[in-house]
Amino acid sequence: MPTQENNDDRIALLQGTLDLLILKTLILGPCHGQGVARSIQRQSEEVLFVDHGSLYLALQRLEDKKLIQAKWGTSENNRKARFYSLTAKGRAELTEKSSQWKRLTRAMDLILEPQGEDA
Amino acid sequence: MFKRKRSAEDFAEEIKAHLALEADDLRAEGQSEEEAQRRARVEFGNAALAKEKFRLRGRWQALDKFAGNLRFGIRSLLKSPGFALTAILTVALGVGANTAVFSVMNAVLLKSLPVADPQTLVNFRTSDAPRNTGTVDTNETMSYPVYDALRKQTGAISSLIAFVPLSNSKVAVRVGSQAEEAEGDMVSGTFFSGLGVDLPLGRGFTSEDEANHAPLVVLSYNYWTRRFARNPGILGQTFYVNSVPMTIIGISAPGFEGLEGGGSTDFWIPLQNRRELNAWGNPVEEGKLYITNPTWWCLRLIGRLPPGVNRTQAIAQLQPVFQSAARIGLGKPEQGEKPPILSFADAKNFPDQMYSNPLHILMAMVGLVLLIAFANVAMLLAARNAARQREFSVRQALGAGRGELFSQLLTESLLLVTAGGLLAWAFAVMAARLLANWAQIESSLAPDRTVLLFTMGVLVVAAVLFGLAPMRVALAGRAELALKTSAATSNADAGKSRTGRIIVALQMAMCVVLLVGAGLLIRTLSNLENTPLGMRIDGLVVFGVRPDIPSVPAGIAFYQNLMGKLRILPGVESVTIMEERIGSWWSDNSAMTVDGRLPEVTNGGSLTVRSNVAGPDFFTTLGVPILAGRDFADTDTAKTPRVGIINEEFAKRFLPNVNPLGHNIGSSDGRFTMSIVGVVKNHKYRSIDEAPIPMAWWMYAQIPVIGEMHVEMRVKGAPLAILPTAQKVVQQLDPNLPLIKPMTQRAQYDTTISSQIMFARLAEFFGLLAVVLVATGLYGTLSYRVNRRTAEIGVRMAMGAGRGQVVWMILRDSLRLTAIGVVAGVPLAMFIGRALTSSLYGVEPLDALTYALAIAGVTVVALVASAAPASRAASVNPLKALRTE
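Chains S and V are the protein sequences, given in the same order.
The numbering used here applies: residue 1 is where the first sequence begins, and numbers increase by one.
The numbering used here applies: residue 1 is where the second sequence begins, and numbers increase by one.
Chain S with its partners taken away, still in its complex shape (with noise of 0.2 Å):
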């Protein structure tokens, strides 16, 4: 991105994990998008980088699929927000997707920690 400053060491996410990510986040209970992207650089200690118009077409792609469900509410500090919150159907697509994404993670290591040894 353009508008990024480059002193910056993290990580574009890799397409298609952002839904999982978001969620992932929204498990934990209702959130708007401003803090579904703070959280998601938080928890991944600032290594994942969120970008914001995407992420909100990605809200807007869950919401379409009936994965999340959304209502204007009022933010902690008093601001009017969308909260997004998790459906069944979301729900059941996280807990298969995470299984995916660990089934594949592991194959990644088996391929690329063997080699690192024999190297």
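Any given hint could be a false lead.
In the DSS-like style, the derived pairs of lysine-lysine whose C-alpha atoms are separated by at most 30 Å in a straight line are [said to hold, decoys possible]:
hint : chain 1 : residue 1 : chain 2 : residue 2
1    : S       : Lys-24    : V       : Lys-53
2    : V       : Lys-170   : S       : Lys-66
3    : V       : Lys-16    : S       : Lys-80
4    : V       : Lys-53    : S       : Lys-65
5    : S       : Lys-97    : V       : Lys-51
6    : S       : Lys-97    : V       : Lys-288
7    : S       : Lys-24    : V       : Lys-51
8    : V       : Lys-79    : V       : Lys-51
9    : V       : Lys-53    : V       : Lys-170
10   : S       : Lys-66    : V       : Lys-728
11   : V       : Lys-16    : S       : Lys-66
These are calculated hints, taken from the structure and not from any lab test.
Note that this is a predicted model, so its numbers are computed, not measured.
We have chain S; now place chain V onto it with these hints.
For chain V alone, kept in the frame of chain S given last:
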């Protein structure tokens, strides 16, 4: 749950909220107010882009998908151009034929009158007009006194419109020096204002124009376009109608061509009161015009009901007025005579029903063609897509949803239908013009919105049908099938081929129906064409003249003079004149007295005699044999005793077993009588298909009325070649006179069977089209089946089946389908034949020969269509066929 789609505003609102929250957090982390807001915006990135993406979300997807489908569809159609071309042409022919027939039907039967609020207009009708009156149509025309009495009523009718043609064909008109002919009506002052027809140029008529019989003309938009190239300078110019100068004051709205279906009025003038412009071009009768003659019921009346008045109320008010006006000038009713009863009929559509029956049957025929065509394309598509079953299976295995497969098939069928539809439209515009020419329909046939909607409707049905038909097959190939390659296993689906066979059998049935229909109509036409007219028709040419006749002697002198000048032209054998042109549907019909009283006819037979007024050498010129007595001669004049001629049928019915010569016959009231001097052989008077009827002829020089006459000439060589010379002769006598409808007498008789000619030709064409379509359909289905059964045939041959057996196997298949089709088609054809009865001549609706030929026809079609696939099957090499397994 029905949730409204999220709006873009709501999305923008959310982004704003985000920026505020982010700024709050940054401030809490110790940034300055300004820096916090800037950082929040920077962190967000391109907000506008996000909003744009939100807006386009979904739409892009659909559009992208459609474009993809479209590209894919075009590519896959281009890969099989033969298939694409066949399908597109079939759609074009089927839909085009339907559009053409429908647009004629729409123009003639369905279209509303192009006037304001047509549903509040009513046609005035009467039960039979009083006795001793003359009518144009017994139930539809009224006398001037009736019109005059009715229009003085207020309340029941807001405006009463009267109109009457100036002639039963065309009248002489002139702008500048060239005399020509045009169709014109005399109308009441309420005509344009009452109907609500606009005048884009100039003005319409007023009640004063009617009261003053003002010499004014309004031209129809069509005539203005055709004749004057829409020159606005024509307003104010002089327009001569039957030599009477009139001023052009207006042009009527485009699309308005008068109130008669199938016709087109060129101009209108206010109701006139002078002998040159009598109603229907009739000569003055005993000094009386239509306005002053209460026995001449010739005006058509249309009224507009005011708001809040229904028909019953209006009739209740008008009935007594109508019934007393009907007796004006007629004296006391005869004993037992019932008063005429006024009634209303819808004026919403054109009143003409002449084309109704033919057009409905034609529509049914093209409907059948359409069914056959659509079935063909559907089968083609199904066969083609069955061959693509592996492709579909693979795509399903790769995760394509049923919806996606369907939308792709739909796109392909949409492509076919669009291409076919465009071609069909071009084809239809041409065909409709041709059709109108044949049927001699003069109203404009430009396809309008109704026709467009009709065509679109048909095409949409086609698109969905063509999309759905192959879907069954496509879905039948489940994902697991993808990897199976055996022709034997993947083709074991008996169900779909059963559907195909049912469709072919149905097509055969429809083909039988069309062939029977076509056969009956073609035999009708050949019967009509070979019907003897009872005269030597070749070498006869006919034209009308309508001179200005100040008195009866002057009229006789004019025609004597004209005939004298024409007779001496080189190449002319003989010349005569007649009042009603023979072979034009017109005739004078009435009862006649025989020896002073109406003849008594047993068994309630008709008293009607068709009479005509003829000139000297009439039967000699026509070539009608004279059985007894003599022809009319120049020596029969107003000063010699009145003479008449009758036909055989007259003698047989009214003067049986006596020598008719010397007996007196006369008009039904007995005022005019004549002595029979000749009996001629029966021949056709009004039309080719008429049955023999009593006929009688008056000598033109001996009766007190004379007007427009038709000149009949027998010439050597090409009959029409004499016309320019004849025209010169006529114009020497009067430069205002055009030749009215000049043509050969044969062409004139042919106009009486024009609808049969058109019918037969179209039926022939549609029958042929059906045959071709059914043949291609059957060929397609069979060769597809043979292809798929190659392996089976190979096995059979390997097991010792001979070529003949294999060929027979294929032929048996199609013959069985033919048999089913015939069994289903014959009862349907009998039904159609019954509906056709009124259009047949000299052939029974159950004509055995026609049925036999139709059945033989479909059998031949079946055999020809099977020949190629059968021979391909016979040449299957068993080794090769089995090796491909």
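Do the hints match the structure? See the list:
1. For the hint linking S:Lys-24 to V:Lys-53, the alpha-carbon distance of about 25 Å falls within 30 Å, and the restraint holds.
2. The hinted pair formed by V:Lys-170 and S:Lys-66 fails the criterion: a straight-line CA distance of about 76 Å is larger than 30 Å.
3. Simply put, V:Lys-16 and S:Lys-80 have alpha-carbon atoms about 10 Å apart, close enough for the 30 Å limit, and the pair holds.
4. Pair hint V:Lys-53 plus S:Lys-65 holds up; C-alpha atoms about 17 Å apart against a cutoff of 30 Å.
5. Distance hint between S:Lys-97 and V:Lys-51 is fulfilled; the C-alpha atoms sit about 28 Å from each other, no more than 30 Å.
6. Of the pairs offered as hints, the one joining S:Lys-97 and V:Lys-288 is violated, with about 103 Å between alpha carbons and a cut-off of 30 Å exceeded.
7. Taking the CA atoms of S:Lys-24 and V:Lys-51, the gap is near 25 Å; set against the 30 Å cutoff, the hint holds.
8. Restraint check for V:Lys-79 and V:Lys-51: not satisfied, since their Cα atoms lie roughly 42 Å apart, outside the 30 Å limit.
9. With a C-alpha separation of about 70 Å, the suggested pairing of V:Lys-53 with V:Lys-170 is violated against the 30 Å cut-off.
10. Pair hint S:Lys-66 plus V:Lys-728 does not hold up; C-alpha atoms about 91 Å apart against a cutoff of 30 Å.
11. Taken as a hint, the V:Lys-16 and S:Lys-66 pair is honoured in the structure, with Cα atoms around 24 Å apart against an allowance of 30 Å.
In the structure shown, a violation is registered for the earlier hints numbered 2, 6, 8, 9, 10, in ascending order.
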